[in-house]
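Peer 1: Listed here are the chains, written in short residue letters.
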Amino acid sequence: MLTKKIFLSVVSALSLTLVANVSFALTADEQKGLDISIEAKKRDLGWQDNTADMTMLLRNKQGQESIREIKMKSLEVQNDGDKSLTIFNKPRDVKGTAFLSFSHPVAADDQWLFLPALKRVKRISSRNKSGPFMGSEFAFEDLSSFEVEKYTYKFLAEEALNGIETFKVEQYPVDENSGYTRRIVWLDIQEYRVQKVDFYDRKDSLLKTLTFSGYKQYLAKYWRADKQEMINHQNGKSTELKWSNYDFKTGLSDSDFNRNSLKRAR
Amino acid sequence: MRDKLYGFIGKHPFWVILVCITFAVIAGMGAGKLEFKNDYRVFFSEENPQLTAFESMQKVYSKSDNVAFIVAPKDGNVFTAEHLSALKVLTKASWQVPYSTRVDSVTNFQYTFAEEDDMIVEDLVMSTKNLTPEKLDKIKKIAISEPLLVNKIISQTGHVSIVNVTVQLPGVNPMVETPEVAASVRAIQAKFLAENPDVEVYLSGMIMMNTSFGESSISDSSTLVPLMFLVVIVTIGLLLRTITGTISTVLIIIMSIVTTMGLAGWLGFYLTGPSSSAPTMIMTLAVADCIHILTSMFYEMRQGADKRTAIARSIRINLQPIFLTSVTTAIGFLSMNFSDSPPFRDLGNLVAIGVMLAFVFSITIFPALLTVLPVNVKKQNEDKKDIMAKLADFVIGKRKILLPLTSILIIASVVFIPNNELNDDFVKYFDETVPYRTATDYMQENLSGMMMVEISVKTGKSSGINNPIYLNSISDFSDWLRERPETDHVNTITDTLKRLNKNMHGDDPNWYKLPDSQEMSAQYLLLYEMSLPYGLDLNNQLDVDKSSSRIVVTFKNMTSNELINIEQDMIRWFAEHAPQYEVDFASPSLMFSHIGQRNIISMLIGTTIALVLISILLGVALKSWRFGLISLLPNLAPAGIAFGIWGLYSGQVGLGLSVVIGMTLGIVVDDTVHFLSKYLHARRDKNASAKEAVHYAFDNVGRALWITTFVLVAGFTVLAESSFKMNADMGFLTALTIFVALVVDFLFLPPLLMLLDKNKNESVKSTDEIIETPVEVA
Chain A
0 MLTKKIFLSV VSALSLTLVA NVSFALTADE QKGLDISIEA KKRDLGWQDN TADMTMLLRN
60 KQGQESIREI KMKSLEVQND GDKSLTIFNK PRDVKGTAFL SFSHPVAADD QWLFLPALKR
120 VKRISSRNKS GPFMGSEFAF EDLSSFEVEK YTYKFLAEEA LNGIETFKVE QYPVDENSGY
180 TRRIVWLDIQ EYRVQKVDFY DRKDSLLKTL TFSGYKQYLA KYWRADKQEM INHQNGKSTE
240 LKWSNYDFKT GLSDSDFNRN SLKRAR
Chain B
0 MRDKLYGFIG KHPFWVILVC ITFAVIAGMG AGKLEFKNDY RVFFSEENPQ LTAFESMQKV
60 YSKSDNVAFI VAPKDGNVFT AEHLSALKVL TKASWQVPYS TRVDSVTNFQ YTFAEEDDMI
120 VEDLVMSTKN LTPEKLDKIK KIAISEPLLV NKIISQTGHV SIVNVTVQLP GVNPMVETPE
180 VAASVRAIQA KFLAENPDVE VYLSGMIMMN TSFGESSISD SSTLVPLMFL VVIVTIGLLL
240 RTITGTISTV LIIIMSIVTT MGLAGWLGFY LTGPSSSAPT MIMTLAVADC IHILTSMFYE
300 MRQGADKRTA IARSIRINLQ PIFLTSVTTA IGFLSMNFSD SPPFRDLGNL VAIGVMLAFV
360 FSITIFPALL TVLPVNVKKQ NEDKKDIMAK LADFVIGKRK ILLPLTSILI IASVVFIPNN
420 ELNDDFVKYF DETVPYRTAT DYMQENLSGM MMVEISVKTG KSSGINNPIY LNSISDFSDW
480 LRERPETDHV NTITDTLKRL NKNMHGDDPN WYKLPDSQEM SAQYLLLYEM SLPYGLDLNN
540 QLDVDKSSSR IVVTFKNMTS NELINIEQDM IRWFAEHAPQ YEVDFASPSL MFSHIGQRNI
600 ISMLIGTTIA LVLISILLGV ALKSWRFGLI SLLPNLAPAG IAFGIWGLYS GQVGLGLSVV
660 IGMTLGIVVD DTVHFLSKYL HARRDKNASA KEAVHYAFDN VGRALWITTF VLVAGFTVLA
720 ESSFKMNADM GFLTALTIFV ALVVDFLFLP PLLMLLDKNK NESVKSTDEI IETPVEVA
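Quick note, the sequences are listed as chains A and B, same order.
Numbering-wise (numbering that gives the first Met the number 0), the first sequence opens with residue 0 and increments by one.
Numbering-wise (numbering that gives the first Met the number 0), the second sequence opens with residue 0 and increments by one.
Hint data in this document are derived by calculation from the structure and do not stem from the laboratory.
Note that the coordinates shown come from a computational prediction; the quantities given were computed from them, not determined experimentally.
By construction, the Cβ of each residue, glycine as well, lies at the ideal position given by its N, Cα and C atoms.
Incorrect hints may have been included.
[Claimed, not checked] Here are the simulated lysine-lysine pairs, DSS-like style, with alpha carbons at most 25 Å apart: (1) Lys89(A) / Lys497(B); (2) Lys94(A) / Lys58(B); (3) Lys58(B) / Lys202(A).
[Stated by the list, open to error] Okay, the calculated bits of chain B under chain A, using three or more residues with CB under 8 Å as the criterion: (4) 16-24; (5) 94-104; (6) 269-280; (7) 459-469; (8) 509-518; (9) 523-529; (10) 536-548.
[As the list claims (entries may be wrong)] Counterexamples of contact, computed for chain A against chain B with all Cβ distances above 10 Å: (11) Asp48; (12) Gln63; (13) Val76; (14) Phe101; (15) Pro115; (16) Ala138; (17) Thr151; (18) Ile188.
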């Protein structure tokens, strides 16, 4: 779940067919929005697994800052959301805490947390998709893998964003536990990479804006941004994510993503 | 110069009227720029230390503007399937309130429990479909034993509950935002009541209070201002029996108000509860000028003078006294600039501008209008004058009894001044007709008060709040607070940590205690934070790098002094038990508690300066230091007596009343000026004895004084009808002071003059007297 990639994951032939089957009922704009999303996803298939380091910089209205350091491991899953393992490094008092998540496009995710101080793995049962990740301005759902069936779509326009030609697509969450009524996403026409996202809260007012920068290509195919910046317009807080040490196809497997692996995660 | 003024006006009355009206219209157009500020924060200047502390705390944690739906089922039990599902619907609807960032209710409380190795975090009321009596009982038990909820969200017996909506106003256009939120919650309330007829719903919270400031003023201006016009028309119509005079006076009043409010708009003023009473005050004060001019003019006409001559003479006689009384009144109101609270500075400045404009209009367009319009003088019956003559005889005859008697009464009243206590309870700024007040009173009776203090305890270290020493201090402090009888509720992070520790140990109640290591606390909090849905996070309790936490205490209703004492106790607690932490205390309650003291001190300085200025002016005008000093007594006594009576009657002195002394000083001085100047005129120019001079003063200004006093008392009594108690109390006490002033001028001042002036019969006339030294008086 905690993969940073936004439009990746395997879409099975089945789900593609399903999508294709209902598509005749869609308006032209809805169809185009869906097509763009399918294409974006297609371009990011087959990365298998990856690891990366992330630092999170939290800032409040007063200018006060706080840093979190995290290691992430992700596994591409067919027919479902991805699996991810998050290992906390900073703040020091949570060092060694590890979080395992099997994300699901619409249902609640399966989550386990290993607490080194307690030396126990706890399964968490909650509807926290809309909740903040580690007190940041990113919600769990903002960080989880992009799956086509998570949203319905509407193409809005082709628009220039900071000199880049983009598709502007509106996305409506399917999961009723989502914290949003809609998201507006800008993807560049060239590579179908997300450049910016506007989030609208449950009362449909603009809540946050996420911008991506420093895109780099890995294995000559997969684009990843070095930096993601989330600004909350309502409370004046912001969170900056910085990614480094990206590694793909490292040979991780299902056995690295289970309860037992949590305790030995480093 | 005085003759030239009317010489010009009398020659070109239409031009004067045209120029004045053009000026008023152009100035008046600025009124369109005036906006009403719906925010309790306007009562505090930017440099107010309590406001600064509160604002910086709001930036660190999340903001605490809120709306509270107080939901009271008529059957007295929240925990039925029906009421809980209604609450769930209300909770969901509340997320639609504009700018809402958080909604807390019984149903969405994040209940945590353990199930083997699972940690379950879910809404306390998940589904309302199959709520068996056992389940309902369990929910009730959890809710009323949860320290986060009880007394805040649910009453101890479970008969009333609250859905609390936290609102984060962007502050881009406050005039629109607050009413927008209020309209939205009222719509939700109406819909909820329609769907649940067996439930009562009240609205409280900061947003509703702010809304009430605006709504109170609007309802005031639609009832009080017309009422005031009626009073003016009736008074002048009945007492002076003149249609032209009444119409002209009303026109002067309208022009004074419109021009003042228009100038206020051009100058960038904004309206607030107190400053919105400016029109009523200007109206009241502007009448006096016109009455003096009309009275003299009619007197001259009855003596056989033609209209123009009568107007010219009236202006000549009245120009100086009216100017003097206008200036002293303006100085009195300007003393409000010393107030610590900007709305009162604005009120003082607006009324001062209004009073001076009224003066200008009553010596320009007013005589011009009288020149142009037909004026008939009816033969007046002379009863009134006889009454004044009788009063004069009475005062002169009984002076030996009156002086000690009135002196005793003055001293007896003044003795009760210490009964007054500084108190600013913002809930009581509104009377019981305002829904916000009834809702908040109901909340105070059934759950908890509006008296809150937010306490930020800082470690200065990242993740410092997870330190067991810190957590133990916070927990001890919370326990100490809970033991105090004044405390209704304490919201503290340590309760959550204790609960989590219990959850992590299979819900064993023995583990309901703080974790014993920094890592343990940090990891519990991480686990908990990762489990909370949108809007229910810990940002309202912790800062971003977990270096400080915020405790929110809700107290029972109490006075400002009591709250300040508790604040001192809290400061002392930290000094004794946890001196290593930096602690900030802030909240609107604290702001209002401190402003009374800050304000009274600055107002005393302001009033003293005004008093000195006014006394100097009087000394110059009366051409005698001696009489300037004598005038101090009748000028100060009324406020002393009024506050003494207030001490017996209510004893609660807030922001609104702390400005009354300065404000009334300028007004009551007028009576003294008129009475003393006539008295001195008789003594100096007519060579009269003290007794004769007193009689002369009664005959000449007695009637005008009681008419103007009548209008002023009526005007401020109208203001006392305001549903905004701050203005109502101010109006009442001002009316009382002005009334007392007249009594003092009629019953105390003359015997005093006759006593002090007895042996000075010869010297008063001499010109040396003008610079008589004050020492002689003492």
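Peer 1: Against chain B, does Ile188(A) hold up as non-interface, every C-beta pair farther apart than 10 Å?
Peer 2: Holds: least Cβ distance 32 Å, greater than 10 Å.
Peer 1: Just to be careful, I want the Cα atoms of Lys94(A) and Lys58(B) compared with a cutoff of 25 Å; is the pair within it?
Peer 2: violated, 29 Å
Peer 1: Three residues minimum, CB to CB under 8 Å: does the stretch 94-104 of chain B make the cut for coverage by chain A? Let me know.
Peer 2: holds (count 7)
Peer 1: For the stretch 536-548 of chain B, do three or more residues have a beta carbon lying closer than 8 Å to a beta carbon of chain A?
Peer 2: holds (count 8)
Peer 1: Counting residues of the stretch 523-529 of chain B that have a beta-carbon nearer than 8 Å to any beta-carbon of chain A, does the count reach 3?
Peer 2: holds (count 5)
Peer 1: Does Pro115(A) clear chain B by more than 10 Å, comparing its Cβ with all Cβ atoms of that chain?
Peer 2: About 7 Å separates Pro115(A) from the closest Cβ of chain B, which leaves it inside 10 Å; violated.
Peer 1: Verify that the Cβ of Thr151(A) lies farther than 10 Å from every Cβ atom of chain B, and report whether the claim holds or is violated.
Peer 2: holds, 20 Å
Peer 1: Since Asp48(A) was said not to touch the interface, does its Cβ keep a gap of more than 10 Å from each Cβ of chain B?
Peer 2: The claim holds: Asp48(A) sits with its nearest Cβ about 23 Å from chain B, beyond 10 Å.
Peer 1: Is the listed coverage of the stretch 459-469 of chain B by chain A valid when you require three or more residues with a beta carbon under 8 Å from a beta carbon of that chain?
Peer 2: holds (count 3)
Peer 1: When you look at the beta carbon of Ala138(A), is every beta carbon of chain B farther off than 10 Å?
Peer 2: violated, 7 Å
Peer 1: Does Lys497(B) sit within 25 Å of Lys89(A), going by the straight-line distance between their CA atoms?
Peer 2: Satisfied, since the Cα-Cα distance of roughly 24 Å is no more than 25 Å.
Peer 1: In terms of Cβ atoms, is chain B entirely out of 10 Å range of Val76(A)?
Peer 2: It holds; Val76(A) is separated from chain B by about 21 Å at its closest Cβ, greater than 10 Å.
When each numbered hint is compared with the structure, violations occur for hints 2, 4, 6, 12, 15, 16.
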